[in-house]
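S.K.: Residue strings, one per chain:
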Amino acid sequence: MATVYQLPFEKDIYEAEASLARLEAAAGGDGSDGTASEEVRRIRRELAALKRRIFSQLTPWQTVLVARHPDRPQFLDYVEMIFDEFVELHGDRAFGDDRALRTGLAHLDDHKVMLMGHHKGRNLAERTECFYGCAHPEGYRKAITKMKLAAKYGLPIICLIDTPGAFPGIGAEERGQANLIAYNLLEMSRIPTPIICVVIGEGGSGGALGIGVGNRVGILEFAYYSVISPEGCAGILWKTATDETKSRAAEALKMTAKDLQRLSVVDDVIPEPLGGSHRQPREMAVTLKRHLLRQLRELRGISSDELVRQRYAKFRKMGMFQ
Amino acid sequence: MAKRGVPEGLFLKCPSCKTTLFRKDMEEMLHVCPKCEHHFYIPARERIRHLLDTDSFEEWATDLRSLDPLEFFDRKPYSERLRDEQQRTGLPEAAVIGKGFIRGRPVVLGITDFGFMAGSMGSVVGEKLTLAVEGATRHGLPLIIVSGSGGGARMQEGILSLMQMAKVSAALAQYDLAGGLFISVLTHPTMGGAAASFATLGDLILAEPKAMIGFAGRRTIKATVRLELPEDFQTSEFLLQHGFIDRIVRRADLRTELARLIDYCEKK
Ligand SMILES: [Zn+2]
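Protein chains in written order, with the working numbering: chain A, 1 to 322; chain B, 1001 to 1268.
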């Protein structure tokens, strides 16, 4: 069996699962024929309760660790599990094909959509190619080019956000990282078709917002969205990023789904399967698909002008002051 | 020595050419080193005096104050930090906006002041800049934003600061549709969330010489790519060379330059 990536606070869950597996093996089956012993049923109940307890009490830092879990479904996983077809479009028309941000035409049941999102990579080769989900200026240029194409043909746009942040590098600066993100914010705000955004993992600062100006912005239960990474914040405030300072930073930044909803930054929190989506990717995909379909139905009848007006009003209200 | 802004004292040393300067001489030169033309930090109020016709500035939204929605606490609570910055700078927040005249031409002017929490953008800065854009749209006036934002988005207001980037940019999109002229003036430093929103969205983008302008901080980039960075990396000159700004303008020439550009873009 392949080694499973375990988070420290998942230890009890894995232990309970191991003892359950041992008991079931001893009984010669998983008892699905109704012969499960009282003991097996008890452990199963306890296991479910354990998962519920651990995952309902995650600290913000633990949530970040779940959001970064290597087995958490990524953009291309959702493409396979949710959409009927994905016709990838590679060209930014200026510099190159950014593998950290994918764009293309897709079918979601009866809906034709423009689909895009960050992809972090599921193995070392992919991760290297994708810079761990950190897009360059050409990625943002490609994204807005495809959004404008979608606008021309009235296609709704779906953006799945999952990035630690836009790439901080020499080439990225030379090619105008700041300018390209800024341009996307401006242009997205006036795209005349529905834009539905969901933070599926990491919502890292400007790199996330660069495809995040939607009519609806949702977030998965254990994803996060923040102005700065907990590491970056800890480094600034306490000079070193230790587990302790990263925890304090994650807490201070109010970056979890619940906090974001309270601050009116996200519209919907999409529940994850018991124990997180890395344990049940298919179940997560079903829930996400249902969410996207509902959003598409709700936004379908709205006129272009009204979509732009609503999106403007939504972001115009952001912030708290007196 | 004050941490940011201009340190107190009769003399100061130019960080660029190391000459010891009379503070008064430097200030009379619009806070520019008379020897090497190093452009020092200049507070928002003085910038207004330099750019606008005498007493023509009518300030807007002076009553907006930041809250502490995250109850953010680092070495001191955010609310206390705000009070300290207000006392030190005499400004209520890092942005000043309003209407004024440049050699008789009416404009809306916004400034982010590096002296106030590094000019970082929280809810109030975002709101003020948005009000400036909306005001310029309503009155059909040219808009000038002079950025000095080293901090980018203000960490102490978390995600709400990030959202200000989208808010101001969306307002600029509407201003653009209305045919408004936006001249963005970048000063040292314009980084992160400021650079990745309003500051780089000008129809015309000017920069003072040798300002630091960019998305990611040098330290972050160095830690990521593990390479030496080019000497002029993220300077005005570097951006000009790579096609991201239109002109580098010395502070002494800025007023004339703005007036001239406004005249070129005037609609007849
Ligand atoms: Zn000098």
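Be careful, since some hints might not be right.
In the DSSO-like style, the derived pairs of lysine-lysine whose C-alpha atoms are separated by at most 30 Å in a straight line are [unchecked claim]:
hint: 1; chain 1: B; residue 1: Lys1267; chain 2: A; residue 2: Lys239
hint: 2; chain 1: B; residue 1: Lys1099; chain 2: A; residue 2: Lys317
hint: 3; chain 1: A; residue 1: Lys152; chain 2: A; residue 2: Lys112
Keep in mind the hints are simulated off the structure, nothing from the lab.
S.K.: What are the numbers of the hints that this structure violates, sorted from low to high?
M.R.: Per hint list: single violation, 1.
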